[in-house]
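**Q** Those protein sequences? They're chains H and W, same order as listed.
Residue numbering for the first sequence follows full-length UniProt numbering, beginning at 1 and increasing consecutively.
Residue numbering for the second sequence follows full-length UniProt numbering, beginning at 1 and increasing consecutively.
Errors might be hidden in some of the hints.
[Unchecked claim] Below, simulated DSS-like cross-link-like pairs (lysine-lysine); rule was C-alpha separation at most 25 Å, straight line: (1) H:102 to H:123; (2) W:123 to H:13; (3) W:13 to H:104; (4) H:123 to W:102; (5) W:123 to H:104; (6) W:123 to H:102; (7) W:123 to W:102; (8) H:102 to W:104; (9) H:123 to W:123; (10) H:102 to W:102; (11) H:13 to W:102.
Since the hints were made in silico from the structure, they are not lab data.
Protein chains: 2
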Amino acid sequence: MCAINTFPAPGPKADLEEGTVLSPRFGADGLITCVTTEATTGELLMVAHMNAEALARTVQTGEAWYWSRSRQELWHKGATSGQVQTVVEMLVDCDQDAIWLKVKVAGDGGCCHTGRQSCFYRKIEVTHGETRLVVA
Amino acid sequence: MCAINTFPAPGPKADLEEGTVLSPRFGADGLITCVTTEATTGELLMVAHMNAEALARTVQTGEAWYWSRSRQELWHKGATSGQVQTVVEMLVDCDQDAIWLKVKVAGDGGCCHTGRQSCFYRKIEVTHGETRLVVA
Chain H
1 MCAINTFPAP
11 GPKADLEEGT
21 VLSPRFGADG
31 LITCVTTEAT
41 TGELLMVAHM
51 NAEALARTVQ
61 TGEAWYWSRS
71 RQELWHKGAT
81 SGQVQTVVEM
91 LVDCDQDAIW
101 LKVKVAGDGG
111 CCHTGRQSCF
121 YRKIEVTHGE
131 TRLVVA
Chain W
1 MCAINTFPAP
11 GPKADLEEGT
21 VLSPRFGADG
31 LITCVTTEAT
41 TGELLMVAHM
51 NAEALARTVQ
61 TGEAWYWSRS
71 RQELWHKGAT
81 SGQVQTVVEM
91 LVDCDQDAIW
101 LKVKVAGDGG
111 CCHTGRQSCF
121 YRKIEVTHGE
131 TRLVVA
């Protein structure tokens, strides 16, 4: 298990799409997009990013780890807030450039640093081609 | 409406998080992440990217437009497949670097280029620290 944070390099398209090997396609910035939903309700909680180490730690520990782009550091979600995310299911998309975590959230069950349950608390309303954000 | 694809530059954190102005934070590559779910079931269909023009066209037309990173071109989802995505609701996250589209899909209701309904058709199973992809 020592090399678990070294994922195999992505192979041909057929392997990527139909194979059984997780070979995540990290971007030029070394990151892969992660979508996190609440395991029971399906609510979209957040969109974040993982580098190889964050993904490996998530696999190893069963808790969500991300790469904080603003702080430029590895981020064990909930380590300070108590809102630890326990992974219930983990999926990958067709071309392996996105991860989907279904989680149970500890603490107060929240996710967003603004105090909301989900980071997606505003709708984009469109009126005569003009956009306006409205709290959902 | 002529300048709808020119979104205002992101302002201070308080405006980004609590304001009513959509000021999307496109990355260095000019793209913002978009999560697309089925409006009724909530199923996660795909994760894709939008540049300012794709986002503007989505707002203007009520149908999902993305930026295809592989083809490096604007992508009206469903234009060739018939799987056009009509936007039912559109949300933005706290720091405005991710968009969430809730859509109804035309045609056969599918989304993935492999023929599946959703791009997320494989679970990541972990056994003794080793990962394996299994069709969900």
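**Q** Please go over all the hints and tell whether each is borne out by the structure.
**A** Hint check results:
1. H:102 to H:123: This hinted pair holds, its Cα atoms lying about 23 Å apart.
2. W:123 to H:13: Roughly 18 Å between the alpha carbons, so the hint for residue 123 of chain W and residue 13 of chain H holds.
3. W:13 to H:104: Distance of about 28 Å is beyond 25 Å: violated.
4. H:123 to W:102: holds (11 Å)
5. W:123 to H:104: holds (17 Å)
6. W:123 to H:102: Cα-Cα ~11 Å, so holds.
7. W:123 to W:102: holds (23 Å)
8. H:102 to W:104: Holds: residue 102 of chain H and residue 104 of chain W sit about 23 Å apart, inside 25 Å.
9. H:123 to W:123: violated (30 Å)
10. H:102 to W:102: holds (18 Å)
11. H:13 to W:102: Violated: residue 13 of chain H and residue 102 of chain W sit about 28 Å apart, past 25 Å.
Comparing the model with each numbered hint stated earlier shows that hints 3, 9 and 11 do not hold.
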